[in-house]
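Asker: Sequence:
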Amino acid sequence: MAHRQQLLQVKTGGKSLSNITRQVQGAVLSSGIDMGLCSLFLRHTSASLIIQENADPDVLADLETFLAKLIPEGAHYRHSTEGPDDMPAHIRTALTHTSEQIPVNGGRLVLGTWQGIYLWEHRHHGSLREVVIHVSGE
16 MAHRQQLLQV KTGGKSLSNI TRQVQGAVLS SGIDMGLCSL FLRHTSASLI
66 IQENADPDVL ADLETFLAKL IPEGAHYRHS TEGPDDMPAH IRTALTHTSE
116 QIPVNGGRLV LGTWQGIYLW EHRHHGSLRE VVIHVSGE
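Per the numbering used here, the sequence shown starts with residue 16, numbered consecutively.
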């Protein structure tokens, strides 16, 4: 069994969803692994990884609107040293994911037709986010 690991850096522009599918697929291809598993891990506590609809951008907008209503920003949190968007960002991350696992077959991610991999930035200001891509298999 072979293992390959790569660090992907993603510059976010504030609250947004960044499609990282192409970069992850590139790491899978360069790993040389034909069949196995691609594990993704986001090294942050105020952003997340999700697999979601990649065809209609309204889906992503609706997700953002839903979480904004579910987890409002404001001064009502104890943790507020980093601003009114920080604690809500931590809650959003706790309710979503910081890791994903995707099967690999034929040297490609086995995603559904309408699935994409997104880094979801939960803070207002942009940040340099890091995703560890680990591909294992044969």
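Hints in this document: simulated from the structure, not taken from any laboratory. Bear in mind the structure is a predicted one, so any value in this text is a computation, not a measurement. Every residue gets a Cβ at the ideal spot worked out from N, C-alpha and C, and that includes glycine. Careful, some of the hints might be misleading.
To be verified - Quick list of the computed label-pair ranges, beta carbon to beta carbon:
| hint | residue 1 | residue 2 | range |
| --- | --- | --- | --- |
| 1 | Gln130 | Gln24 | 30 to 40 Å |
| 2 | Trp129 | Ala109 | 19 to 29 Å |
| 3 | Gly28 | Leu126 | 18 to 28 Å |
| 4 | Met16 | Thr113 | 18 to 28 Å |
| 5 | Gln130 | Pro87 | 43 to 53 Å |
Asker: Indicate, hint by hint, whether the structure satisfies it.
Answerer: Each hint tested on the structure:
In this structure the hint that Gln130 and Gln24 lie 30 to 40 Å apart at CB is violated, the actual value being about 23 Å. The hint said 19 to 29 Å for the Cβ distance between Trp129 and Ala109, and at roughly 27 Å that hint holds. At roughly 25 Å, the beta carbons of Gly28 and Leu126 sit within the given window of 18 to 28 Å. At about 25 Å, the beta-carbon gap between Met16 and Thr113 stays in the expected band of 18 to 28 Å.
At roughly 29 Å, the beta carbons of Gln130 and Pro87 sit outside the given window of 43 to 53 Å.
In this structure, the earlier hints numbered 1 and 5 are contradicted, and the remaining ones agree with it.
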